[in-house]
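Asker: Chain residues, written in single-letter form:
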Amino acid sequence: MKNKKFLWLFSLLLVVGLFLAACGGKEEGSKTTTDEKEKEETTTPAEEVAADEEQVLNLNMSAEIPTLDSSLVTDAVGFDILNNTNEGLYRLNQENVAVPAISDGEPTISEDGLVYTFKLRDANWSDGSPVTANDFEYAWKRAMNPDTASEYGPYMMSGVIKNATAISEGTVEYTELGVKALDEKTLEVTLEKPIPYFLSLMSFGTFLPLKEEFVTAQGENYAKNSEALLYNGPFTLKGWDGTGLTWQLVKNDQYWDKDTVKLTQINYDVVKETATSVNLYTNGEKDRAGLTGEYAMQYANDPELLTEADTSIFWFKFNQERVGKKSPLANKNIREAISKAFNKDDLASVVLANGSMPANYMIPKDFTFDEDGNDFRDVNGDMSTFNVEEAQAAWEKGLKELGVTELTLEILGGDSDLSKKMDEYLKSQLETNLKGLKITLKEVPFSVRLELDTSQDYDIQVAGWGPDFQDPYTFLSLWETGGGNNQMSYSNPEYDQLLKDINGKLALDPVARWEAMAKAEKIIIEQDFAIAPIYQRGLMFLVKPYVKGVVSHPFGGDYSYKWAYIEGKN
Amino acid sequence: MAKYITRRVIYMFITFFLIATATFFLMKALPGSPISSASKLSPSQLAIVEAKYGLDEPVPVQYGKYMLNLAKGDLGNSFQFKNASVTELIVKRLGPSFILGSQGLILGVTIGIMLGMIAALRQNTIWDYGSTLIAIVGISIPSFVFATFLQYWLGVKWGILPVALWKDGWLSSVMPSIALAMGPLATASRFIRTEMVEVLSSDYITLAKSKGASGFEVAFKHAFRNALIPLVTVLGPLAAGLLTGSLVIEQIFAIPGIGEQFVKSIMSNDYSIIMGTTLFFSAFLIVVIFVVDILYGIIDPRIRLSGGNN
Chain H
1 MKNKKFLWLF SLLLVVGLFL AACGGKEEGS KTTTDEKEKE ETTTPAEEVA
51 ADEEQVLNLN MSAEIPTLDS SLVTDAVGFD ILNNTNEGLY RLNQENVAVP
101 AISDGEPTIS EDGLVYTFKL RDANWSDGSP VTANDFEYAW KRAMNPDTAS
151 EYGPYMMSGV IKNATAISEG TVEYTELGVK ALDEKTLEVT LEKPIPYFLS
201 LMSFGTFLPL KEEFVTAQGE NYAKNSEALL YNGPFTLKGW DGTGLTWQLV
251 KNDQYWDKDT VKLTQINYDV VKETATSVNL YTNGEKDRAG LTGEYAMQYA
301 NDPELLTEAD TSIFWFKFNQ ERVGKKSPLA NKNIREAISK AFNKDDLASV
351 VLANGSMPAN YMIPKDFTFD EDGNDFRDVN GDMSTFNVEE AQAAWEKGLK
401 ELGVTELTLE ILGGDSDLSK KMDEYLKSQL ETNLKGLKIT LKEVPFSVRL
451 ELDTSQDYDI QVAGWGPDFQ DPYTFLSLWE TGGGNNQMSY SNPEYDQLLK
501 DINGKLALDP VARWEAMAKA EKIIIEQDFA IAPIYQRGLM FLVKPYVKGV
551 VSHPFGGDYS YKWAYIEGKN
Chain S
1 MAKYITRRVI YMFITFFLIA TATFFLMKAL PGSPISSASK LSPSQLAIVE
51 AKYGLDEPVP VQYGKYMLNL AKGDLGNSFQ FKNASVTELI VKRLGPSFIL
101 GSQGLILGVT IGIMLGMIAA LRQNTIWDYG STLIAIVGIS IPSFVFATFL
151 QYWLGVKWGI LPVALWKDGW LSSVMPSIAL AMGPLATASR FIRTEMVEVL
201 SSDYITLAKS KGASGFEVAF KHAFRNALIP LVTVLGPLAA GLLTGSLVIE
251 QIFAIPGIGE QFVKSIMSND YSIIMGTTLF FSAFLIVVIF VVDILYGIID
301 PRIRLSGGNN
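Chains as they are written, first to last, in UniProt numbering: chain H, 1 to 570; chain S, 1 to 310.
Please keep in mind that the hints were generated in silico from the structure rather than gathered at the bench. One or more of the hints may lead you astray.
Claimed, not checked - Computed spacing ranges between beta-carbons, pair by pair:
#1 S:123 / H:569: 54 to 64 Å
#2 H:366 / S:73: 33 to 43 Å
#3 S:168 / H:568: 26 to 36 Å
#4 S:42 / H:114: 15 to 25 Å
Ideal Cβ placement from N, Cα and C applies to all residues, glycine included.
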C-alpha cells in the first residue's frame, strides 16, 4: 500500500517536473527580452537630448526579413530594409526619380550607349572603410556566380549587363560580367545593349555594393544577423537575429549624407494580424498600420487614413489556347465583350474598398515619367472602359462567328477572401451583361495557379504584375510571343516588332521610344483585347499625423526614411 | 517492464521513420516550388538555383540524402530564411511557444479540474450548470475570437496588459496564455466532472462516507485520485499540441513562436522547415505518449504493462 502511494507520488512529481522543465525556458526567454530593452534604453536617451523632439519612428512589418544578403533578396521586406540601410550608385529621391547617390554625379556614357563610367563619391561603410569601385564589381559578379544561386542577380542582369545572359546559360564564366573597377573610385559598366532605364536600375537592391573582404571573412556567417552585415546607407540595422520578429534601424554616422537624416531610430516589429496592428496603432505603440479587408472599410473616413497607389496592376488574362486546343477566347470579339462588360468603378469602390483604383490601362499611374516629369499614363489615358452596349454588340458578333448561342468559361482566381469576393462580383457582372455566358469559378492557392498558368490550363485568369524596374517595358515585355509570362498564346508580330524597337533602335531616342510604348499598350488593351485590366492596387494605412517626410516608391524598396522626421508629437 | 520499454522504444523509432517518409513524399507532391521567384527565371537560370539546393535530383535520391542527413542530426537550411539553419530557427522559436503552452496548460488544467470537481460535487445545481456553460463556451468559441476580445479589452481599452509583441517579459505572455488555456480548461473540466460523478456513485465511496469520512476527505482522497486517471491520457497529446505552439495565438499576439512556421512553411514550400517542424512535433508527441503510457501504468494498478500482448 505504501509502495503504491509512493509510486503515485513519484509519477505526479514526474508530471510536475515536466511542467517545471517547460517553464524553465521562461526565465531565459524573458531575460533576453529585458536585456534587449535595456540596450534600447541606453541608446535612446543620449540621442533624445540632441533634438527637442524624439526622432524615433515605430513601425509594423507584415513579414519577417528572409535575408539581407543583397544577392539573395527577392522579397518586399528585404528590399525595403536594404533601401534604407544601403546605397547603390543611384537612389530614388523624394519625387521618385533616380538620382546619383554613391555615384559622384552623372556617369559618362559612351556614344553607343553601351559603356557607363561612374566616378564614386567619398563614402564609407559602417566600419569606417571607404566604398570602392571593387565593391560593386565584386557584388555584381557574386550575384552572377552560380555558387551564390542568386535568383534576382540573373533575373535583373540578363539582357542588361554584358555577358549576363551567357553566364546564366552556362556558356561564359561569371568573372566575364561587364563590370570592372578601373581604379579605387572609377567603375566601368558595359551593357549588352543600350538600356534607357539603366540608371534607375542602379537604385535596385541587387546592384548594391558589397565589401569583398568583409563578405569573404564572414564566410558562411555572412548576413546571418545584423552584426554580420555592413551598411553604407542612411541607417544601420541593429538587433536582428536572422529570423526574429523585431529589429531596429539606427542612424548611420558613417553615411556621407548623414546631415539629411533626421530620425535617430526606427523600431520594427513584425505583426501579421491587421487587428493587432490596428490595436497597437490605437494604443500609440506604433505610428503606422496597414489596413485590409473590413478594417479598410471601417476606417474609410478616418482623418489619419492614407491611401497610396501601389504599382501593381491586376487583369484578366484571356487564354487563347487551352492545353493545346484553341479556346473561344481566341475570338477577338469575345475578348472585347468580356473586357467591356464589367463595372470597374463599383468593383474598386464597393467590392475591394481598399484604396484600389479601377484600371483602364496596363501601365500603372504614378509609375513612370518622361524627362519633363509627365506621367506615362497621360499619353494613352483610359482604354477599353466599361460599356455594356459595345460589350453586347461584340458579344453577339463573337457568338455568331463561333457559331454558338452560349458559352461556358472558367475564371481562375486566387483563394483569399478578397479574391473570392471579387470573382463572385465579376461572375455576376459578366453573366448579367452578356446573354448566354456562364462563368464557373476556380479558386486555388497561388502556387497552384502558377502551375495552371504554366500549363495554360485555364480560360480566363485573374493575374497581376508588379514592376521590377521603372520603365513601361517591365509590363509590355510580358506579352512577347512565346515569352515566359505570356502563357496565353497571344501573338502579334507588330507588337513583337515594337518591343524589339523599344529596347533596340529606339533605345537612345526617348521621345520616339515613349510613343512606341504607348502604341504597344494600345495594341494590347484596345486593339487586340489580349488582356482586360481590372484594377490598380491601392494600399490603405493609418499614419500618425506627426510622421512627416516618409517617401514611398513605385518599385524596389517600398519606403525611404532618409528624409522622414517627427514633428508635433508632443 | 524492461522488455516492454525496449519494445516500445523500437516502435517509437519505426513510427518516427514512417512519419518522416510519408511527410517527405507528401510534401514533394505539393504544387509549387520553394524558389520564390521561379516564375521569373529562365529554365537555365532556374536550373542553376535548383542544382544548388539539390532540387534537380529525382525525389527518391533527395529522400535518401535527407534521411542520411537526418540521421546525422542535420536538418538543412531554410528556403525562406536564406541564412538560417532549420535547427537554429526551431530552437529560437521554440522558447516563446513553450512558455505560452506550458502556462496555458497549467492554468487551463488547474481551473478545469476545479470547475469539474465543483460541478460533480454540486451536481445539477447552479454551480454545475455554470461550470458546464464555461466549458461549452471554452470549447466552442474559437481561440482567435477570444484572443481578439482579450486584446481589445485588457490591452487597448483598459491598458492592463501589453496589447501584443514579445517585449515586456512575463507580462507579454499573460494574455496569450489565458487564450490558450480555454481549450484545456474545457477538456479537463468535462473529463473530471464525468469521472467524478461516476466514481462518487460507486460502492467504495458510499463505504467511505458510512465510515464517517468528511466530505472533503471523500472528494479529494478517494474520488479525485481515481477521476484523474483518464485525464492523464488526454493530457499527453494536449500538452504536445500546446507546447509546440499555436498559429492563431502567435499571429494575433505577434509572438516569435514555432506554431506559425508549421503553416507558413507549407504555404511557401519551404521543404526543410516543413520537415523540421513536422518531425519535431512528431518526436515530441511520440515521447509524450510514451511517458503518459508509462505513468498510466504506474498510477492505475488495473493496467499491466507487459511485453507479451502488445
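Asker: Are the hints correct? Go through all of them and say.
Answerer: These are the hints, each one checked on the structure:
1. S:123 / H:569: 54 to 64 Å: Taking Cβ atoms as reference, residue 123 of chain S and residue 569 of chain H lie about 60 Å apart, which means the hint holds.
2. H:366 / S:73: 33 to 43 Å: Violated: the Cβ-Cβ distance is about 52 Å, outside 33 to 43 Å.
3. S:168 / H:568: 26 to 36 Å: 28 Å, holds
4. S:42 / H:114: 15 to 25 Å: Roughly 23 Å apart at Cβ, these two residues keep to the hinted range, so it holds.
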